[in-house]
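2 protein chains.
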Amino acid sequence: MTSHPSPITPLSQATVVIVGLGLMGASLGYDLRGRCRRVIGVVRRPEALDAALAAGCADEVTLDAAAAVAAGDLVVLAAPVRTLLRQITGLGPLLRPDGILIDMGSTKAAICQAMEALPAHVQAIGGHPMCGKEKSGLEAAEPGLFRGCTFVLCPLPRTTPATLALIHEMIDCIAARPLVLEPERHDRLVAAISHLPYLNAAGLVAHVMAVAETDPTVWEVAASGFRDSSRVAASDVTMLLDILLTNRTAVLAAMADYESRMDLFRQALAQEDEAALRALLEPVAAARREWQQLKVKG
Amino acid sequence: MTSHPSPITPLSQATVVIVGLGLMGASLGYDLRGRCRRVIGVVRRPEALDAALAAGCADEVTLDAAAAVAAGDLVVLAAPVRTLLRQITGLGPLLRPDGILIDMGSTKAAICQAMEALPAHVQAIGGHPMCGKEKSGLEAAEPGLFRGCTFVLCPLPRTTPATLALIHEMIDCIAARPLVLEPERHDRLVAAISHLPYLNAAGLVAHVMAVAETDPTVWEVAASGFRDSSRVAASDVTMLLDILLTNRTAVLAAMADYESRMDLFRQALAQEDEAALRALLEPVAAARREWQQLKVKG
Numbered sequence: 001m002t003s004h005p006s007p008i009t010p011l012s013q014a015t016v017v018i019v020g021l022g023l024m025g026a027s028l029g030y031d032l033r034g035r036c037r038r039v040i041g042v043v044r045r046p047e048a049l050d051a052a053l054a055a056g057c058a059d060e061v062t063l064d065a066a067a068a069v070a071a072g073d074l075v076v077l078a079a080p081v082r083t084l085l086r087q088i089t090g091l092g093p094l095l096r097p098d099g100i101l102i103d104m105g106s107t108k109a110a111i112c113q114a115m116e117a118l119p120a121h122v123q124a125i126g127g128h129p130m131c132g133k134e135k136s137g138l139e140a141a142e143p144g145l146f147r148g149c150t151f152v153l154c155p156l157p158r159t160t161p162a163t164l165a166l167i168h169e170m171i172d173c174i175a176a177r178p179l180v181l182e183p184e185r186h187d188r189l190v191a192a193i194s195h196l197p198y199l200n201a202a203g204l205v206a207h208v209m210a211v212a213e214t215d216p217t218v219w220e221v222a223a224s225g226f227r228d229s230s231r232v233a234a235s236d237v238t239m240l241l242d243i244l245l246t247n248r249t250a251v252l253a254a255m256a257d258y259e260s261r262m263d264l265f266r267q268a269l270a271q272e273d274e275a276a277l278r279a280l281l282e283p284v285a286a287a288r289r290e291w292q293q294l295k296v297k298g
Numbered sequence: 001m002t003s004h005p006s007p008i009t010p011l012s013q014a015t016v017v018i019v020g021l022g023l024m025g026a027s028l029g030y031d032l033r034g035r036c037r038r039v040i041g042v043v044r045r046p047e048a049l050d051a052a053l054a055a056g057c058a059d060e061v062t063l064d065a066a067a068a069v070a071a072g073d074l075v076v077l078a079a080p081v082r083t084l085l086r087q088i089t090g091l092g093p094l095l096r097p098d099g100i101l102i103d104m105g106s107t108k109a110a111i112c113q114a115m116e117a118l119p120a121h122v123q124a125i126g127g128h129p130m131c132g133k134e135k136s137g138l139e140a141a142e143p144g145l146f147r148g149c150t151f152v153l154c155p156l157p158r159t160t161p162a163t164l165a166l167i168h169e170m171i172d173c174i175a176a177r178p179l180v181l182e183p184e185r186h187d188r189l190v191a192a193i194s195h196l197p198y199l200n201a202a203g204l205v206a207h208v209m210a211v212a213e214t215d216p217t218v219w220e221v222a223a224s225g226f227r228d229s230s231r232v233a234a235s236d237v238t239m240l241l242d243i244l245l246t247n248r249t250a251v252l253a254a255m256a257d258y259e260s261r262m263d264l265f266r267q268a269l270a271q272e273d274e275a276a277l278r279a280l281l282e283p284v285a286a287a288r289r290e291w292q293q294l295k296v297k298g
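Going down the list, the protein sequences come from chains A and B.
The first sequence: position 165 = 165 (our numbering), numbered continuously.
The second sequence: position 218 = 218 (our numbering), numbered continuously.
Hints may be right or wrong, so weigh each one.
What the hints assert, rightly or not - Computed beta-carbon distance windows for the label pairs: (1) ARG158(A) with GLY144(B): 38 to 48 Å; (2) PRO93(B) with ALA256(A): 46 to 56 Å; (3) GLN13(B) with ALA279(A): 47 to 57 Å; (4) GLU213(A) with ALA67(B): 43 to 53 Å; (5) LEU252(A) with PRO216(B): 14 to 24 Å; (6) ALA256(A) with GLN113(B): 32 to 42 Å; (7) ARG147(A) with THR214(B): 24 to 34 Å; (8) ALA54(B) with ASP273(A): 20 to 30 Å; (9) GLU274(B) with GLY137(A): 47 to 57 Å; (10) GLN113(A) with GLY144(B): 33 to 43 Å; (11) GLU213(A) with GLN267(B): 48 to 58 Å; (12) ALA54(A) with GLU184(B): 48 to 58 Å; (13) SER12(B) with ALA256(A): 55 to 65 Å; (14) PRO143(A) with THR214(B): 29 to 39 Å.
What the hints assert, rightly or not - In silico negatives: residues of chain B with every beta carbon more than 10 Å from chain A: (15) ARG33; (16) THR62; (17) LEU156.
Since the hints were made in silico from the structure, they are not lab data.
Ideal Cβ placement from N, Cα and C applies to all residues, glycine included.
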């Protein structure tokens, strides 16, 4: 399916190590089990061992990250971004010379910078499957989570064609669509379509909470519009703090531009300038409808 | 099911006239057909007659609003708010003495004010079923649209118990939940949970459009978070202009409070104050999860 050269170890014969069996890691495990030699899952808490085995997202589950990483042909790091930064530094050098390291973190510039600093023998590439949920953890994981989603790849200068070939095999296997982006470009784009919407949703909920202080009925009248607009505000805060703090510049720039758009709406509404308000809102409605059409086709 | 006295004409014997067979009007027609004597739908364009009859949302469909309104035991106005204001003034006086007028408009203060100005014989009450879709029109209408949704009622000082009884019968029939609110209170609450989210979504899409000017790939990476956060930005602009312009004061106040919340996020992020950011975001995530739980139970 790809035009890349063969990987050194094809996926079907690879030992895949997934460090972290939360939403992303466990979902990947479900999809890769039976499609590679074996999936070894690494968890941090002893009580997570049985749950992960029982769920069936890995062939083996261990607490020993170092041993697992050293045994892997493909090592996938699945954790919040700042945990990833520590894991890249701590576990990256333990990969065997033909082992490949990829992460599934939500921001890419800091991650790829940490990967660049790894010993020269380590093959590494940044990754970000664009399929969130507001729920996290093993319980939220499911087979097929990545189906049809965009899987961003940020190759390093050192990333070889053989590494890219194995990664593309993995992406084929989970039915995602690969998209190669520079790390900084990735971070700018996700600030717009993911991190800003999170803060907007959080700001909306904060406003409704303020209204509820004097009139709790506001929660009762909230319907599907509020439900969808605010959904991502329920996301895991620790994960989001990692994202926001490792993508601060791009997020602040997105917030500033967004605020300027809101200010145009505000001015037109304050002046009861219907024509101006319509001229602002019609292209927005058209663009949103067009995007939906493209997504349905895509 | 209700503790109200009997209506003068019970729903089962009532002629229900629905003026406007868009999303709301036609959906109501589907649910009421067979549960009342007959449903007469009123449309504006001749070419809509056949489509409405074929869809089956009314027993009869006519262009003659005046004649239909005069024949109705219950007259339901289903149109954008500023059209409603004209219809209340133009059609309201044509109701027969025991006829009842209700609207399904998205803002209530201006509507109820117009209803107050009707001749003393007209029984009228403001209504707002809280179940939108970003799609509008007959094609988007469906049986069961109102099931489980909150149906806000704004009785006027003149509204009699018998009128309320018939309206409660109608709300029982479509399986909605009635909620009585003062018009101004309704408008303040929906500014928070509906009109502000619309502007937020529009501002988000406007920002993404600006990013797309130099990097159209942004549309490609947009995933479920963007999809849900921006969904209502695709709403019918004409309908929204009516809403925003008839609820201007409450919407501007909501925007100002929202902006102050966003500013707290912005400051904490700019200062890399993780503790402050967490203290702002954790209660928001908890409140959103709690609301979801309540909705699932409710």
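These are the hints, each one checked on the structure:
Restraint check, ARG158(A) to GLY144(B): a C-beta distance of roughly 58 Å breaks the suggested window 38 to 48 Å. Separation of PRO93(B) from ALA256(A) is about 53 Å and conforms to the stated range, judged on CB atoms against 46 to 56 Å. Between GLN13(B) and ALA279(A) the C-beta distance comes to about 49 Å, which sits within the given range of 47 to 57 Å. Separated by about 50 Å at the C-beta atoms, GLU213(A) and ALA67(B) satisfy the suggested range of 43 to 53 Å.
Against the hinted window of 14 to 24 Å, the Cβ-Cβ separation of LEU252(A) and PRO216(B) comes to about 23 Å, which satisfies the hint. For ALA256(A) paired with GLN113(B), a C-beta distance near 40 Å keeps the hint of 32 to 42 Å intact. At about 30 Å, the CB distance of ARG147(A) to THR214(B) agrees with the hint of 24 to 34 Å. Taking 20 to 30 Å as the suggested C-beta distance range, the pair ALA54(B) and ASP273(A) does not conform, at roughly 41 Å.
Here the CB-CB span from GLU274(B) to GLY137(A) is close to 22 Å, at odds with the stated 47 to 57 Å. Checked against the hint of 33 to 43 Å, the pair GLN113(A) and GLY144(B) fails, with Cβ atoms roughly 53 Å apart. At roughly 22 Å, the beta-carbon separation of GLU213(A) and GLN267(B) lies outside the given 48 to 58 Å, and the hint is violated. About 55 Å separates the C-beta atoms of ALA54(A) and GLU184(B), a value consistent with the hinted range of 48 to 58 Å.
Under the hint 55 to 65 Å, the C-beta atoms of SER12(B) and ALA256(A), about 59 Å apart, fit the expected range. Our hint of 29 to 39 Å for PRO143(A) and THR214(B) holds, since their Cβ atoms are close to 38 Å apart. No Cβ of chain A approaches the Cβ of ARG33(B) within 10 Å, the least distance being about 25 Å, so the stated non-interface status holds. With a closest Cβ-Cβ approach of about 31 Å to chain A, THR62(B) is found to remain outside the 10 Å limit, as its non-interface label requires.
Against the 10 Å criterion, LEU156(B) stays outside the reach of chain A, whose nearest CB is about 20 Å from its own CB.
Hint compliance for this structure: hints 1, 8, 9, 10 and 11 are broken, all remaining hints hold.
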